[in-house]
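A.B. asks: Chains as they are written, first to last, in our numbering: chain A, 421 to 863; chain B, 159 to 458.
Please keep in mind that the hints were generated in silico from the structure rather than gathered at the bench.
A virtual CB, placed ideally from N, CA and C, is assigned to each residue, including glycine.
Incorrect hints may appear among the rest.
One side of the interface only, derived from the structure: several residues of chain A facing chain B at Cβ under 8 Å [what the hints assert, rightly or not]:
(1) 512
(2) 835
(3) 839
(4) 842
(5) 845
(6) 849
In case you want the letters, here they are:
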Amino acid sequence: MLKTFSKGGVHPAANKLSADKAIEILPLPKTVTIPISQHIGAPAKLLVKKGDKVKVGQKIAESGGFVSANIHSSVSGTVSKIDKIFDASGYKKPCVIINVEGDEWEENIDKSKDLKKDISLSAEEILKKVSEAGIVGLGGATFPSHVKLSIPKGKKAEVLILNGVECEPYLTADHRLMLEKTDEILVGIKILMKALNVDKAFIGIENNKPDAINRFNKFVENYDGIQVVPLKMKYPQGGEKQLIKAVAKREVPSGALPIDVGAVVHNVGTAFAVYEAIQKNKPLFERVVTVTGKSVKNPLNLLVRVGTPTINLIEAAGGIPENTGKIVSGGPMMGKALVNTDVPITKGSSGVLLFEEKESKRQDVQNCIRCGKCVSVCPMGLEPYLLMNMVESKMWEELEKNNVLDCIECGSCMFTCPSQRPLLDYIRLGKSTVTKIKRSRKK
Amino acid sequence: MTILVTIITLVSIGVIAAVILFLVAQKFKVFENPKIDEVEEALPGANCGGCGFPGCRGMAEALVNADDISTLFCTVGGNETMAEVAKILGKEVTAKDPMVAVVRCNGNFEKRKRTNQYDGSATCVMAANLYSGDTACEYGCLGLGDCVKACNFDAIKIDKTTGLPVVNQDNCVACGACVEACPRNIIELRKKGPKDRRVFVSCVNKDKGALAMKACKSACIGCGKCAKVCPFGAITIENNLAYIDFEKCKLCRKCVAVCPTGAIHEVNFPAKKAVAKPEKKKQTEEIKEEINKTSENKLN
Numbered sequence: 421m422l423k424t425f426s427k428g429g430v431h432p433a434a435n436k437l438s439a440d441k442a443i444e445i446l447p448l449p450k451t452v453t454i455p456i457s458q459h460i461g462a463p464a465k466l467l468v469k470k471g472d473k474v475k476v477g478q479k480i481a482e483s484g485g486f487v488s489a490n491i492h493s494s495v496s497g498t499v500s501k502i503d504k505i506f507d508a509s510g511y512k513k514p515c516v517i518i519n520v521e522g523d524e525w526e527e528n529i530d531k532s533k534d535l536k537k538d539i540s541l542s543a544e545e546i547l548k549k550v551s552e553a554g555i556v557g558l559g560g561a562t563f564p565s566h567v568k569l570s571i572p573k574g575k576k577a578e579v580l581i582l583n584g585v586e587c588e589p590y591l592t593a594d595h596r597l598m599l600e601k602t603d604e605i606l607v608g609i610k611i612l613m614k615a616l617n618v619d620k621a622f623i624g625i626e627n628n629k630p631d632a633i634n635r636f637n638k639f640v641e642n643y644d645g646i647q648v649v650p651l652k653m654k655y656p657q658g659g660e661k662q663l664i665k666a667v668a669k670r671e672v673p674s675g676a677l678p679i680d681v682g683a684v685v686h687n688v689g690t691a692f693a694v695y696e697a698i699q700k701n702k703p704l705f706e707r708v709v710t711v712t713g714k715s716v717k718n719p720l721n722l723l724v725r726v727g728t729p730t731i732n733l734i735e736a737a738g739g740i741p742e743n744t745g746k747i748v749s750g751g752p753m754m755g756k757a758l759v760n761t762d763v764p765i766t767k768g769s770s771g772v773l774l775f776e777e778k779e780s781k782r783q784d785v786q787n788c789i790r791c792g793k794c795v796s797v798c799p800m801g802l803e804p805y806l807l808m809n810m811v812e813s814k815m816w817e818e819l820e821k822n823n824v825l826d827c828i829e830c831g832s833c834m835f836t837c838p839s840q841r842p843l844l845d846y847i848r849l850g851k852s853t854v855t856k857i858k859r860s861r862k863k
Numbered sequence: 159m160t161i162l163v164t165i166i167t168l169v170s171i172g173v174i175a176a177v178i179l180f181l182v183a184q185k186f187k188v189f190e191n192p193k194i195d196e197v198e199e200a201l202p203g204a205n206c207g208g209c210g211f212p213g214c215r216g217m218a219e220a221l222v223n224a225d226d227i228s229t230l231f232c233t234v235g236g237n238e239t240m241a242e243v244a245k246i247l248g249k250e251v252t253a254k255d256p257m258v259a260v261v262r263c264n265g266n267f268e269k270r271k272r273t274n275q276y277d278g279s280a281t282c283v284m285a286a287n288l289y290s291g292d293t294a295c296e297y298g299c300l301g302l303g304d305c306v307k308a309c310n311f312d313a314i315k316i317d318k319t320t321g322l323p324v325v326n327q328d329n330c331v332a333c334g335a336c337v338e339a340c341p342r343n344i345i346e347l348r349k350k351g352p353k354d355r356r357v358f359v360s361c362v363n364k365d366k367g368a369l370a371m372k373a374c375k376s377a378c379i380g381c382g383k384c385a386k387v388c389p390f391g392a393i394t395i396e397n398n399l400a401y402i403d404f405e406k407c408k409l410c411r412k413c414v415a416v417c418p419t420g421a422i423h424e425v426n427f428p429a430k431k432a433v434a435k436p437e438k439k440k441q442t443e444e445i446k447e448e449i450n451k452t453s454e455n456k457l458n
């Protein structure tokens, strides 16, 4: 019997169109647009100005606090402009625009492909280097990784969980990475284990990726303390709290962090980035992105430099099909529609998804029929229909009491609603309002 | 005989009950200032909340209990109602200038191109929570009508040709419900002005000039021409955005003339032709004078 999380969950069609396409390297664009805020937390502070020459891997913005991350240049060339540009969030953010000239890397980056297994650094040195390399959670939430690695006083990490679930339909970036960089990911996991001082690590992989499970099972023998956990397919298993429940059978209480139950979760992509940062001195400036969609000519996985315009990726996949209605950054469940095709790829972009016009249109909203489906699928055990009603009547205090802030915005409720009610839209508004109220209360 | 007994019993029960009720009413009597009812009668009874109290009754209680009622104001009834209330209470009020809601965005479909389509729930507050809107201006009106839904007085409507809300100044009572409802803080309460005339900057874009201009052709670009030309120092520029202080503004409209993008609006002034002509004459005379002066200088 395969493991999975207990509460709720839905089964959207997997549509992993690009699963058997090896990762290709996207040619360098003419210009890149690098937002200086690609992570959760304080935006980074600019270090370059117009006219500066930069190399690949050069730090161009410095972490603006503890929960923040460094930003490195993904290309070599000249800074042509610093401007406010739309990014995938739909807001204008300060960006560094660099004209690409050649491909000159910082000298200390090891460009060779050899596997380097020995970990020479100590736990503190690893933490420092991860922070220096600007690594953030590559699953999509972009939480700075060094924060997750710094265990608060009085708490102890007991288990490291690697997220190779990729429960979002369509996306295959992590899947391909697991197949092609298996050894590197495993060394990355060993590094993370050393940094956290844990001797157990589990890799959670859903059983729709049997090739990845088999491959890891074969390779894992050479590494102590790492175990593969095949999981039953269910969305949103890639959610941090759901994964901990599925793999370690621990439940993170409302308002608490995974570390409160002794667990630390990292994405497999993050493990690979950690490997590259520690063993190869390479900061995080490129990532694997899936470009996909039912009408896309050639759905594929691309290794892309941060800051590349989305249109370049789409062109590599055969251009925008005529019947496209929406272009989404991320997966179909949690992704966000882009405001234009020049939006740059950031550290958090896991996929570019082109929806056909008929798929992308929202259907007419009907009345709630009190079927309770949203309640039964909510992986956090909330009552979405009730929360929506409360937001409609502006009952902010009641919302807080009903744990609206626990919502992980997975969209299962809206996916399952037979009346196509915009549950998540309302809950999101409730979350942001309650957060504002809570913040003003602290002051 | 039975009839007599019945009548006596019922009458005595009635009398006893009346005595009990009378005593209880005396014992638990709640004193309420009769003036509260009087004042409530004088208030318009709209229960709009524009005064900051839950309804007209709340306002009436506050008015009766307060020593100084000059800080309280009924926006719906205006000065007349307040004078009446003052008469009832024997307190003093100072007349306040009537206010009106003003929409500070003039990015219509023509000036502000739509760059994407919004497909989510049709409320401004939700769209604003999600992203920066369907135009390139992240400050401007979203046009989904939260202000219209908030208005109890049928005073604000979305103009379908421009996509922007329009305030009906005769219906507007300046209760501030729309100001609160707008997630972009576009609507402001301003002085209605003498003869309902007013001048204001109809833009809230805080981006630098070039960026603002790219998003909307009629955005305030913070050039500062209006501030320079204003003889009363009523205009301040902050964060690339001009703001006209309505207390200082004397409605000379010099700023309207110099604004390069047309972001400064004038309302209810007589038709331009009648006013513009003498101004033009003046200008030409001035220019002539200046030319004359320079030629004189040259001769000298």
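A.B. asks: Taking the hints in turn, state whether each one holds.
C.D. replies: Tested hints:
no.	hint	verdict
1	512	holds, 6 Å
2	835	violated, 15 Å
3	839	violated, 14 Å
4	842	holds, 5 Å
5	845	holds, 4 Å
6	849	holds, 5 Å
Hints 2 and 3 from the list above are not met by this structure, while the remaining hints are.
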